[in-house]
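Chemist: Sequence:
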Amino acid sequence: MTIETLITAARVPRTAVEPTPAADLERAFGTRLPADYPHYVAAVPKGYFRGYLEVLRPSFLPFAGEVQWTRDQLRAAGAPAHLLPWARIYPDYYACWDTGTGDPDSWRTGVFDVYAGGTWYPFDGGLTEFLLAFVTGGTGIDALAFAYRDESAPLFSEDPTTPPARVDPAGWSGRVPLDEPLDAAAVLLESCPGEPAEVSDNLPGDYRRLLHAGVAARIRFAQLALDVFDLSTQLHERMLAAMNTRGGLRPPYHPEPDGLIAFATYDNGATACWIPVGADPDRWPVMVVDVTFRTLTEHRLTATGLLAQVWLTEPLSTADAIAAAAAFLASDGSEDVEIEPLPGWEVLEDPPGFVPEPVRVQPEAAFADGRRIIVPYNSIALLDHGDLEAELGGNAPIMVDLDTHECRYIDLGETFAYRERGFHV
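Numbered per our numbering, the sequence shown spans residues 1 to 425.
No lab work stands behind these hints, which were simulated from the structure alone.
Be a bit skeptical, because a hint or two may be false.
[Claimed, not checked] Just the calculated beta-carbon pair ranges, DEER-fashion:
(1) ARG283 with ALA76: 31 to 41 angstroms
(2) GLN309 with ILE7: 45 to 55 angstroms
(3) ALA43 with ARG209: 43 to 53 angstroms
(4) ALA186 with ALA22: 43 to 53 angstroms
(5) GLN309 with GLY269: 16 to 26 angstroms
(6) GLY102 with ILE7: 20 to 30 angstroms
(7) SER191 with ARG300: 18 to 28 angstroms
(8) THR136 with THR297: 46 to 56 angstroms
(9) ASP103 with ALA186: 50 to 60 angstroms
Beta carbons are placed, not taken as given, at the ideal position from N, Cα and C, and that holds for glycine.
Based on the sequences and whatever the hints tell you, model everything.
Modeler: Quick look at the structure:
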């Protein structure tokens, strides 16, 4: 049985695929591989069989971590070390090789259920045989019956996400980090001491020196990453899930070539990243990506400079935040507003944290979830799943982030998006 047989049976489109050397694939997986896997990667575009099964296609930056991150997920669920994942079957399953059976071309495959007590479903065949059986409904694995409920679903569909925009180094000319106006490292090491740590030599020197000298792993609302490539791979997976749902343009993320490399996460879900343009990491600018992957804010700072800015940001009191947001609502949206509380605004004494259903918030009350104050203008339905999502409602409310001092409109014209219009108080 050949990959060509699979392509014909699954009606895979004859799309040009960028070739990947077999040696690079084996380097990414850390082992020799069955011969049909590189043949598959060379012939089949990125996509989904029956809308559920996606074959892993690792990236080849020197620090690519996609395969290892997937293996870690399986180990955490109790999978034995000899199972090597090669595909994900959404939402809860991984197709794996059983590498304990000798030569790679003799490896049998099977399905590991991450959430059902770590159940292993063996299959008598390799990658090609399993994919063909999955397409035709002949795996014999009852747990996969959900994949055949929709008889109209295509046997294979190309990845619906928008291809990433390429980073053009020429477009970043002159946008390297500026000299810091203060000794950012000294500020952080004095104010936020921690244990010394080592990180990859591929990273900007200021970040390596900062962690080597011993800075705290948490700086106010920012959590630093020791394994930045693992964090970036997790960010990449979240972004792909978001793009699969809504589509849209996006920048590349590690482990994609030239992808953003994350080094810290914020409590509000944002991620601080390097933009890896050029061969010299010390000339990489930084960017903050919001939790929706829609707003990207470039900073001409080093990572150390950005973290010092985080430390020097004084948290707002709840009263000040509400007063600022109320004044902003009463203004035309300009930054030059007089911060005066409006009559009737008050803080809920026991604000709800997680609200599983939309709630009606009256204009005389503020909705708080610990880090943010939501001040609605007219009655509006809000749905909070840890990160604010706006449902249908009246005029635009304001989100005040108590950590970053940032106030933003929620744009109800595009559900779940935050407009860039905002101000700091």
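Chemist: Next, verify each hint and record whether it holds.
Modeler: We went through each hint and held it up to the structure:
no.: 1; hint: ARG283 with ALA76: 31 to 41 angstroms; result: holds (37 angstroms)
no.: 2; hint: GLN309 with ILE7: 45 to 55 angstroms; result: holds (52 angstroms)
no.: 3; hint: ALA43 with ARG209: 43 to 53 angstroms; result: holds (46 angstroms)
no.: 4; hint: ALA186 with ALA22: 43 to 53 angstroms; result: holds (49 angstroms)
no.: 5; hint: GLN309 with GLY269: 16 to 26 angstroms; result: holds (18 angstroms)
no.: 6; hint: GLY102 with ILE7: 20 to 30 angstroms; result: holds (28 angstroms)
no.: 7; hint: SER191 with ARG300: 18 to 28 angstroms; result: holds (23 angstroms)
no.: 8; hint: THR136 with THR297: 46 to 56 angstroms; result: holds (48 angstroms)
no.: 9; hint: ASP103 with ALA186: 50 to 60 angstroms; result: holds (57 angstroms)
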